[in-house]
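So the protein lines, in turn, are chains A and B.
All letters in the first sequence, in the order written, are residues 1 to 113 by my numbering.
All letters in the second sequence, in the order written, are residues 1001 to 1315 by my numbering.
Fair warning: there could be bad hints in the mix.
What the hints assert, rightly or not - Derived EDC-like pairs: lysine to aspartate or glutamate, alpha-carbon spacing no greater than 20 Å straight-line:
#, chain 1, residue 1, chain 2, residue 2
1, A, 83, B, 1097
2, A, 83, B, 1269
3, A, 38, A, 11
4, A, 85, B, 1217
Treat the hints as calculated values from the structure; they're not laboratory data.
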Amino acid sequence: MVEIKNHLENDIFTIFVIGEVDASSSIYLDESISEATKKHKKILVNCQQLEYISSAGLGVFMSYINDMEDSGITLVIFGLSDKVKHVFQILGLDQLLKITKSEDEAKKMVNGI
Amino acid sequence: MAELRHEYYKSIVVIPLFIQEQYIASIALLKDVNEGFSKEMIEIIRTFVNQASISIENHRLMMEAIVNERYKEELKIAKRVQEGLMPKALHTNCDLEISTFSKAAAEVGGDYFDTYKISDEKLAIIVGDVSGKGTSAAFHMSQMKGIFHSLVQLNLPIHDFIIKANNALSECLDRTSFITIAYFIIDSEKKTFRFSRAGHCPTLYYSAEENQVMYLEDNGLGLGILRDRQFDSYVEVNEINYQSGDILVLYTDGITEAKNPRNEEFGYERLKWLLEEKAKLDAKDIKEAIVQGMYDFCGSNVIEDDVTLLIIKVK
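Okay, chain A solo, but in the shape it has when bound:
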């Protein structure tokens, strides 16, 4: 199961993804990113407590790549464990998404620094 929390600080909207994202729980991730992209231009996805992501979960991230480019939204994923990061790398998503280690780096990246 996955738990999703949100936090807004200044103009940066952070989505916390906690637990496991599988085929059934990926819809919650989809809903929360969809909501965030409607209202915010700077989005961080905190994955420090993401233990597992299935292909269906990766599909959610993938589906926003084109939308975000078109609408000037910046989404940065940070805090991936080595195992979860490897899953992004195998699929090749690390070449298309902004992924970084720490929250500080992610904030800089989302602010275009």
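Keeping the supplied structure of chain A fixed, place chain B upon it in accordance with the hints.
Showing chain B alone in chain A's frame:
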């Protein structure tokens, strides 16, 4: 029970129907005389109403069972259709022995593998994995099969095959779905493996000359992720000259992500160790050793994800 002011009916009794403490309906009985329902009569009516409740519940359960049975039957048909989509006999060439294992976690799954003899020398091999699970994955898997068989006949360079497959799937897949594939053309004249990895688990390769096992971790991107021309720049094609004793292990993540009761994954390292240990065996025995190794690790033969494994060994 009450008195009625009706020109014809003078008394009424209403008894509610409950099924498992939930109100379902009421039965109303009318009579043309005042105080027409005695205590005894109401007791008898109650008994009938209880019987009626049980009958209604039985009918509902029966209808539910019929619908469930129909779903099960449909899934059985889907399973049969999908089994028909898996190759019955694998093409091979004089240089190779091939052994395969494939098992879906549910009735139907999203794993795919196939072979095609392009010419006497050239053999195409594909292993694919559709994102998601179950029936939705199974529909996309059948699309992948159609695309593979349409394109492979054109004898395209691997680069073009991957790009055309991505174009075709971009029109077919829903917005959150993608397919990863490992695509190989094995040429027995030039003695080469040519291959590309479109986001799929890296193929495991054993070089007999170096007596070494390694993952072929070339760059690539899953099909359907970039649905425009930008995709072209992410396609990478590589080539290995093979010799007798070399082995390719193509598989899906159902193997590497198989879990034991302590929630640990079988992982890439265990798969590599197993091949190092079993590299001298023939393809069929290597396959059996890996499948058994995975089951032993998990402590059960029940798998959570679709599993596909192909062992290709050069004679």
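Consistency of the hints with the structure:
For the hint linking residue 83 of chain A to residue 1097 of chain B, the alpha-carbon distance of about 34 Å lies beyond 20 Å, and the restraint is violated. A threshold of 20 Å between alpha carbons decides the hint, and for residue 83 of chain A with residue 1269 of chain B the separation of about 13 Å falls inside it, so the pair holds. With a C-alpha separation of about 14 Å, the suggested pair residue 38 of chain A and residue 11 of chain A falls inside the 20 Å cut-off, and the hint holds. Restraint check: the Cα-Cα separation between residue 85 of chain A and residue 1217 of chain B comes to about 15 Å, which is no more than 20 Å; the hinted pair holds.
Checked against the numbered hints listed earlier, the structure breaks hint 1 alone; every other hint is satisfied.
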